[in-house]
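Please model the entire structure based on the sequences and the hints provided.
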Amino acid sequence: MEKSTCPVADHVRELAAVLEEERITVARCRQWAVDILRLMKDVASGRGGPEHFPAMTDLAEKLAGECEDPMSADLGNRVLSGLREHKEVFLSHLETLNCPLGDCIELSPAPCQMACPAGIDVPGYVTLIGQGRDGDAVELIRQDNPFPWVCGLVCTHPCEFMCARGRMDKPVAIKDLKGFAAERAMSAGSYRNPERAPDNGRKVCIIGAGPAGLTAAYYLALKGYRVTVIEALPMAGGMMMVGIPRYRLPREVIDREVAMIEDLGVEFRYNTRLGKDTTIDALRGEGFEAFFIAVGAQSSYKMGIPGEDDFPQVIDAIDLLRRVALGERHSPGKRVAVIGGGNVAMDAARTCIRLGCEEVTVVYRRSRADMPANPEELEQAEEEDVRFSFLTVPVRIGGGDGKVTTLHCLRTELGPEDASGRRRPIPVEGSDFSMQVDAVIPAIGQTVDKTGLDSLSDLNWSRRNTIRVDRASLETSVHGIFAAGDVVLGPATVVEAIGGGKRAAEAIDRFFEEIPQPKMPPVPVRRQRLGFLELSASTKMTLARAEMQMLGYDRRRITFQQVELGLSENSARAEAKRCLRCDICVRCGTCVDICRDKMGVDALHLGYLNFDRPGPTDLRVAAERCILCGACAANCSTGAMRMEDIGGERVLSLCGTVLNRLELEHCMECGTALGPARYHDFIRKRTEGVGTDTGEKILCMACARKAAAKAHGEILPPVA
Amino acid sequence: MAFKRGKRVVVHKKSRDESWQPYMDRFLGAHGIVTDPDATKNDPDALIEVTLDGEGTHRFPQDCLRLLEK
Numbered sequence: 001m002e003k004s005t006c007p008v009a010d011h012v013r014e015l016a017a018v019l020e021e022e023r024i025t026v027a028r029c030r031q032w033a034v035d036i037l038r039l040m041k042d043v044a045s046g047r048g049g050p051e052h053f054p055a056m057t058d059l060a061e062k063l064a065g066e067c068e069d070p071m072s073a074d075l076g077n078r079v080l081s082g083l084r085e086h087k088e089v090f091l092s093h094l095e096t097l098n099c100p101l102g103d104c105i106e107l108s109p110a111p112c113q114m115a116c117p118a119g120i121d122v123p124g125y126v127t128l129i130g131q132g133r134d135g136d137a138v139e140l141i142r143q144d145n146p147f148p149w150v151c152g153l154v155c156t157h158p159c160e161f162m163c164a165r166g167r168m169d170k171p172v173a174i175k176d177l178k179g180f181a182a183e184r185a186m187s188a189g190s191y192r193n194p195e196r197a198p199d200n201g202r203k204v205c206i207i208g209a210g211p212a213g214l215t216a217a218y219y220l221a222l223k224g225y226r227v228t229v230i231e232a233l234p235m236a237g238g239m240m241m242v243g244i245p246r247y248r249l250p251r252e253v254i255d256r257e258v259a260m261i262e263d264l265g266v267e268f269r270y271n272t273r274l275g276k277d278t279t280i281d282a283l284r285g286e287g288f289e290a291f292f293i294a295v296g297a298q299s300s301y302k303m304g305i306p307g308e309d310d311f312p313q314v315i316d317a318i319d320l321l322r323r324v325a326l327g328e329r330h331s332p333g334k335r336v337a338v339i340g341g342g343n344v345a346m347d348a349a350r351t352c353i354r355l356g357c358e359e360v361t362v363v364y365r366r367s368r369a370d371m372p373a374n375p376e377e378l379e380q381a382e383e384e385d386v387r388f389s390f391l392t393v394p395v396r397i398g399g400g401d402g403k404v405t406t407l408h409c410l411r412t413e414l415g416p417e418d419a420s421g422r423r424r425p426i427p428v429e430g431s432d433f434s435m436q437v438d439a440v441i442p443a444i445g446q447t448v449d450k451t452g453l454d455s456l457s458d459l460n461w462s463r464r465n466t467i468r469v470d471r472a473s474l475e476t477s478v479h480g481i482f483a484a485g486d487v488v489l490g491p492a493t494v495v496e497a498i499g500g501g502k503r504a505a506e507a508i509d510r511f512f513e514e515i516p517q518p519k520m521p522p523v524p525v526r527r528q529r530l531g532f533l534e535l536s537a538s539t540k541m542t543l544a545r546a547e548m549q550m551l552g553y554d555r556r557r558i559t560f561q562q563v564e565l566g567l568s569e570n571s572a573r574a575e576a577k578r579c580l581r582c583d584i585c586v587r588c589g590t591c592v593d594i595c596r597d598k599m600g601v602d603a604l605h606l607g608y609l610n611f612d613r614p615g616p617t618d619l620r621v622a623a624e625r626c627i628l629c630g631a632c633a634a635n636c637s638t639g640a641m642r643m644e645d646i647g648g649e650r651v652l653s654l655c656g657t658v659l660n661r662l663e664l665e666h667c668m669e670c671g672t673a674l675g676p677a678r679y680h681d682f683i684r685k686r687t688e689g690v691g692t693d694t695g696e697k698i699l700c701m702a703c704a705r706k707a708a709a710k711a712h713g714e715i716l717p718p719v720a
Numbered sequence: 721m722a723f724k725r726g727k728r729v730v731v732h733k734k735s736r737d738e739s740w741q742p743y744m745d746r747f748l749g750a751h752g753i754v755t756d757p758d759a760t761k762n763d764p765d766a767l768i769e770v771t772l773d774g775e776g777t778h779r780f781p782q783d784c785l786r787l788l789e790k
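Residue numbers (the numbering used here), protein chains in the order written: chain D, 1 to 720; chain L, 721 to 790.
Check before you lean on any hint, since a few could be wrong.
Below 20 Å or equal to it, Euclidean Cα-Cα: the simulated PhoX-like pairs (lysine-lysine) are [said to hold, decoys possible]: (1) K734(L) to K170(D); (2) K724(L) to K170(D); (3) K450(D) to K302(D).
To be clear, the hints were calculated from the coordinates, so they are not data collected in a lab.
Below, the structure is given as structure tokens:
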């Protein structure tokens, strides 16, 4: 019986094939077909809404009725009849966001890919790196993220939290692998731009050259739009350039990836601030029809303590990082206090160390365990001799003659948990003390600077001082204006801004094409299904997570040289092989259940399959117990578990990891390959006492029947 | 800090915060992992990033989340 396929996936394939082969040549009809495909892909990836079905029907009717070329009309009729015949299936996809046949693979990407705010096909590029195809890996990443190198260095890697390998030992070093591939591809000249669609003559203006703005520029340029990016700073990169210190992200990395975007024809206008150097109305006058606001959250919160505004040595952390990124190397003082416990505080403190400050103290009002900074940031700061004063709250900045001399503080103790689960710091009476400092650097959070945006009177703002958008389509309250990144979310991550920029490009394209916007953010799209990397169970088990090489402490303290030195080629290729390929194995556990409960063998110890409560995993146990019956492989719905006869052996593998291999026995009469001896012993034990056996002879079913028939033939009927 | 990186959480109720969007209704009851907490100032009002099992990564107001483990 032929395997049934999902009509939604069938239509996606058919439309894509017709368009790829350029069988529709009339521009208007082709555009309708493209729009149907786009809507159909929404349905196949769980992004559709109630208006998708009528919109597809409407477009298909146009294709069938208004196009004179027979190819278009024929395609329109086929789509129309498919929509009518399988209406329930389409509506079920839209309502349940599930493909019962599992044919719409986008509905079930791997957990790491699902976790990525940019939706990168992680198992795909990790496999390509394992195959040594770094350029292809970068090409795959850039389908969802135009900054593989930047993210390979500074991504917060939510993917690694969801990595199934982390349930076995440690997660795959996904971020480091991405950085490795991007660097290698750039060095080898295989980091290339895809081909740009022909110019469609429509102009889009992007305000802000940070990760969100640049990402939107990249994907819009690829779609053929004329994109102009307006940037207040003299360079592109936004917070990647002026908020992340160079020892974490070298400027050359940003410049190289921005140059790739510029190569697509994107125009940059630097030193141009909205509201000061230009306005939305002036830009509309230049012919821009859509706008994307991605100005970030560049303004710092105030501490609200006396003395904060009285001395030039009180420099907010964002301003300090910006100045240093733009080339300033003056030390803010010999003794510096950084106020705050977040990542920006760590960056500011580590930057001060590199500027030659003799004593840098982070002042934080809660305990070490409550610090919101990433643990690795905190550890690296400690390694570089940054000091910490926990349970301390600054109350006043003192000084004279225009110079800071003292930071007056109180000790705190943590009170009981409040409704939000936090233990509030309570000042201890009489615990006041002073720290002798030359500079104070507050790092207590950022907010959006509304300058320039306040002229848009119809633009809705949230109570968090961020732009209100429909989070699915990123549309603001002003027609034709979209927004994403920190200006919408508040201070967030680079990869979230990139994801927002990509979605904004798609939304702006829909805005121009006048097709419905999605009703929820996109589900990541699986880009391809790659073959497995083969290795033994023992190797898979014992490969340890690749260790990042780090710059020596002394050099870290005095230069802005990159601290993380990258993976070596050998360790990167080995690291890629640790991936468990959750894009193929959906961790349903059927193989384990069948082996243990139905066959009674219990050869598969795959405790990592249980995400919340992982048990012990040992892939090597299979070689000791597995009888190679094939029940697991026969019941695997995704093809992850395979049993094959290779070179006289029967081999069982899970996503390329060889779990067991045993020599085959052959039929002694005809030579047909049979199972291994261990399997035959298992069967023999189970069938003991049932019928006659063939003695020492090993025969296939056909030869066994022949032998039995011959034996019966020799029995003479009784004589009457 | 209530929601730390790597902690398992559940979306246990709708939030009354303005940042709650209609599509988030379908996440009620979903489990996930905190992947980017408020990494700046430990603010109960900040939106935090959570990766939901099988549902992708989203930013939520903290009042709709509950820790599954202490």
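Hints, verified against the model:
1. K734(L) to K170(D): violated (34 Å)
2. K724(L) to K170(D): It holds: about 19 Å lies between the C-alpha atoms, which stays within 20 Å.
3. K450(D) to K302(D): Holds, because 16 Å separates the two Cα atoms, which is no more than 20 Å.
Consistency note: the structure conflicts with earlier hint 1 alone.
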